[in-house]
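> Chain by chain, the residues:
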Amino acid sequence: MSDSITLKSNNKDLWGGGVEPFKASYGKLMMWFFLISDAFTFSAFLIAYAVIRLKHPAYEGTLSDFTFSQTYWPVPEKVFEAFPFFHGVELPLVFVGLMTFILILSSVTMVLAVEAGHRMDRKGVEKWMLWTIVGGFTFLGCQAWEWSHFIHGTDLGSRLLDGSIIYGANLQLNQYGPPDFAAFFFFITGFHGFHVFSGVALNFLIFYQTTVGIYEKRGHYEMVEKVGLYWHFVDLVWVFVFTFFYLI
Amino acid sequence: MLEPENSFVTPKPADKSKIWKIWKVAIILGVVTAAEFYVALQFPESWKEFKLLLFIGMTFIKAGYIVGEFMHLAHEKKTLMWTILLPTVFVIWLLGAMVIQADAIYQAIYS
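Protein sequence lines, in the order shown, are assigned to chains A and B. Each residue of the first sequence is one higher than the one before, starting from 559 at the first, in our numbering. Each residue of the second sequence is one higher than the one before, starting from 1268 at the first, in our numbering.
Honestly, the hints are just simulated from the structure, not real lab data. One or more of the hints may lead you astray.
Said to hold, decoys possible - Some chain A residues judged to face chain B by a derived CB distance under 7 Å, without partners named:
hint : residue
1    : Val577
2    : Lys581
3    : Ser583
4    : Leu621
5    : Thr625
6    : His645
7    : Val647
8    : Leu649
9    : Asp679
10   : Leu718
11   : Ala741
12   : Phe742
13   : Ile746
14   : His790
15   : Leu794
16   : Thr801
Backbone N, C-alpha and C fix where the C-beta goes; we use that ideal spot for every residue, glycine too.
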């Protein structure tokens, strides 16, 4: 006991409760550790996706001849090629690309909010938090449309081996490929979408507390940074989902 | 209650170079995403492995900028940086192990 007390007084970098060895506050550190655990969860999802995809046969022919079938894993750019108000036009990955840009932009406005917070600029924090919330809602809206389209399916649907035609997707069966394909779509994008939703809720809380002057009274805007970390993480996860679910 | 309009805090002026740096990272992220599109839709179908490599490379460039600049990890203490980055080694190990496992399952079913 007495040893540790002597050590503490000798070396300022050692943890004794009074100093911050990482030069980061308790709250920020815990946010980082939470994000690491969340990263493991998402990694588990994406790795499980890889395993299930690799245990199914891949589509061998050329892209122009591609048809939906239960016997092989679909090519993602042939599944995700719809765009609102462009019914029947093949626009592979354009909509999901738009969603990616929206999420990146809302990450940028979040950094700008944090920057304004460092300068104690309440009006700036309010403005950029509001843009971040708008970006988050827009992304959620896009995802709702994408889910709706995925669930309802294409005009022609896809013929099963017994001759019946199936449209869209549910957790048992889907027109695009093996049942696991739709299951992973729902679970991965759904889990990410839930994170976006939580992020928007947190962003709104921060925005509200800024407008009533809580952080100004407190003397710092560190809460904006902490929630900012979470929001960037949501963007980071989407970068990986975009590559490993949609592009490959 | 708190009166938001009676603020006595004068914000410090914005540092233009700092804001420009944020937008520069944003532009890089946008350009890399656009490049991913180009590779996905314009490169020949037969370059499967090469495309896969490009996608993974570009994803990690984007991830690096988001974590390093936006989340500020590159400018934190090095001990904090490694505390966050090193555990992700386990993810790579899991990925490797499970891909081998998946191949074994495929072989057992289809060959």
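> Under the constraints set out in the numbered hints, which ones does this structure not fulfil?
Violated hints: 1, 3, 5, 6, 7, 8, 10, 11, 12, 13; rest satisfied.
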